[in-house]
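Visitor: Given chain V, put chain X in place with the hints provided.
Number of protein chains: 2
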Amino acid sequence: MDFYSELYNNFNKSNTYTAKVISGKHFGGKLLFHNEELIYTNLKPLDLGYIAAIKEVTQNNKGQVISYEDSRIFCEPITKKPAIVICGAGHISIALIKICKLIGLEVTVIDDRPSFVNDGRQAGADHSICEPFISALSKIHSDSSTFFVIVTRGHRYDTDCLREILQKENAYIGMIGSKVRVKRIKDTLLAEGYNEEVLNNIYTPIGLKIGAETPEEIAVSIMAEVIEVKNRSLKCSEFPKEILNEIIGESFENNPTSLATIISRKGSAPRKVGTKMLICNDGRTIGTIGGGCVEAEVKLLALDVINTKTPLLKTVDMTGIDAEADGMVCGGVVEVFIEPIF
Amino acid sequence: MDFYSELYNNFNKSNTYTAKVISGKHFGGKLLFHNEELIYTNLKPLDLGYIAAIKEVTQNNKGQVISYEDSRIFCEPITKKPAIVICGAGHISIALIKICKLIGLEVTVIDDRPSFVNDGRQAGADHSICEPFISALSKIHSDSSTFFVIVTRGHRYDTDCLREILQKENAYIGMIGSKVRVKRIKDTLLAEGYNEEVLNNIYTPIGLKIGAETPEEIAVSIMAEVIEVKNRSLKCSEFPKEILNEIIGESFENNPTSLATIISRKGSAPRKVGTKMLICNDGRTIGTIGGGCVEAEVKLLALDVINTKTPLLKTVDMTGIDAEADGMVCGGVVEVFIEPIF
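Going down the list, the protein sequences come from chains V and X. Residue numbers for the first sequence follow the working numbering, so the first one is 1 and each next one is one higher. Residue numbers for the second sequence follow the working numbering, so the first one is 1 and each next one is one higher.
Just chain V, same shape as in the assembly (with noise of 0.2 angstroms):
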């Protein structure tokens, strides 16, 4: 089974880690770890140094390129978009829910109305469950990157809803309400001896404060409040589940493809280290690694890669005379490294 397999296997799980020898003696030599473990490597032989190396840096758990004798290695922790859980499937969720595709979240709804929990599937979401709030929750299994939106019909649904969440991993609570509707369900709960710190981080009345009127401008507010937390702790790049199915055969139809990944980056470019770019051989992408000059360039080396089946480590330098006369000056200077999957 080759590297991207292996990857893939171990998407889900946390503590996975990559390693790419980008320059020297094993250019093109691929190593993956999982909780600290080495599970596959194309390096042959195996120099243990290379991990001890690498080792030194996981703890980072950010995107970043280190030496180890003439080599340069590009290690990455590799991050997964969050899955999102949203309680009540109305009209904001509804709203929520096609932003959150949008966004790349996996999407779980829940409501006890089948003809709304239906129009949550329509609407994109991964996974809907049309039961009773509490038992729904129950089967639900969290971790500290999951996050939880309440926007149930009534309160007495949300209140439900939140004892079963309090007691789950999580990386965020959010519930609609009223200041009035949220302080009289915080009071239930406290009297219930829920700890009230606890309670205070809930995020209610939920949604960053743009004067949010319609529902589906209340779920922008949601979508930016939970891009905010979920960024906030950030050091790497998500790694976009839509590549990595790509690369394991679900749409380019097996066409050859490369892998751009920004793997440096100094100045004001605009996306950041571990950024990812799939470029098919017919010139279709997924991803992107900042659009205008550095991507039009890179899409064409891309493209020669696939032919070369060598990987290729090129700077971009975006300050440069020949970006100004197309009025392309990002700023900015990005290695990026490019890799045939075949």
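These aren't lab readings, by the way, just hints derived from the structure by calculation. It should be emphasised that the depicted structure is a prediction, and the values quoted were computed from it without experimental measurement. One thing to keep in mind: the hints can contain errors.
Which copy is meant is left open, so a pair is good if it fits within one copy or across any two.
List time: in silico BS3-like cross-link candidates among lysine-lysine, alpha-carbon distance up to 27 angstroms [said to hold, decoys possible]:
| hint | residue 1 | residue 2 |
| --- | --- | --- |
| 1 | K62 | K179 |
| 2 | K209 | K81 |
| 3 | K80 | K299 |
| 4 | K314 | K101 |
Guide: Showing chain X alone in chain V's frame:
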């Protein structure tokens, strides 16, 4: 020509105002004003006192109920959702177009590259212009409610766009760019003689600060900022164009419908005065007046109104014991006026 046809014809003009008699002798009477002139009424005979009473409040620019003799009249300025012009059709724009259409804005996208403009059309843009930015913008008529978003592929094009847009009426100018790039553009324009305060009013770097990383996240941050600016001075509900289109007969296949409007509100009801929902006789709806308990009840009443062809004014008290039993204490009291459309 009837009331809603006249309203449809005047919908894109500002200073359009409606008044509906919701109780008293002329219950069901309607008046439509444009630029302070009466252009439609079904009141016969027409007591000019109505006009005088209504004109006293048009300056308030918000939905409100007034009294005249034994009648109550719901007066309402007609505001449509604003237009947004997006310069550039790259990754951020494509995501932004989709979210703008979810929100209900009228979207124009401009780019000089045909395939990119086509992507913008596919994403849902209402209008698209494939020309150099300067000539494209010169063709755009804007007013004080138009939003401009500049997200082209390079700072020269951004600057070209900005020069054109600064000469146009607008509600908002937002421009993408790093601090370095944005400063460079502002300095260029300052040196050309543009007003410093005007330049400082440009929203740049664009979007709310939510740590957005991907184009889709940036689009959400821009949408949130646009909503905040749009609603900052919004005193009355925007009249949803899709409801007017339905009334004029576009999609409900001329099935009978009724229109529900919130005409007054006390307490913590979720939606403001002027909010509308159209109900078709087969149960389909467009828009929402708050979801949950209120909406379910209003929907049933609206179906009755379709049958009786008689308007109805209903007070919905959401603080009652019945609502409590269903877990649906929303709080607040609303009056909803439901009128048959035929």
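Visitor: Take the hints in turn and mark each one as holding or not.
Guide: Comparing the hints with the structure gives:
no. : hint        : verdict
1   : K62 / K179  : between (39 angstroms within a copy, 24 angstroms between copies)
2   : K209 / K81  : both (25 angstroms within a copy, 20 angstroms between copies)
3   : K80 / K299  : within (24 angstroms within a copy, 42 angstroms between copies)
4   : K314 / K101 : neither (32 angstroms within a copy, 39 angstroms between copies)
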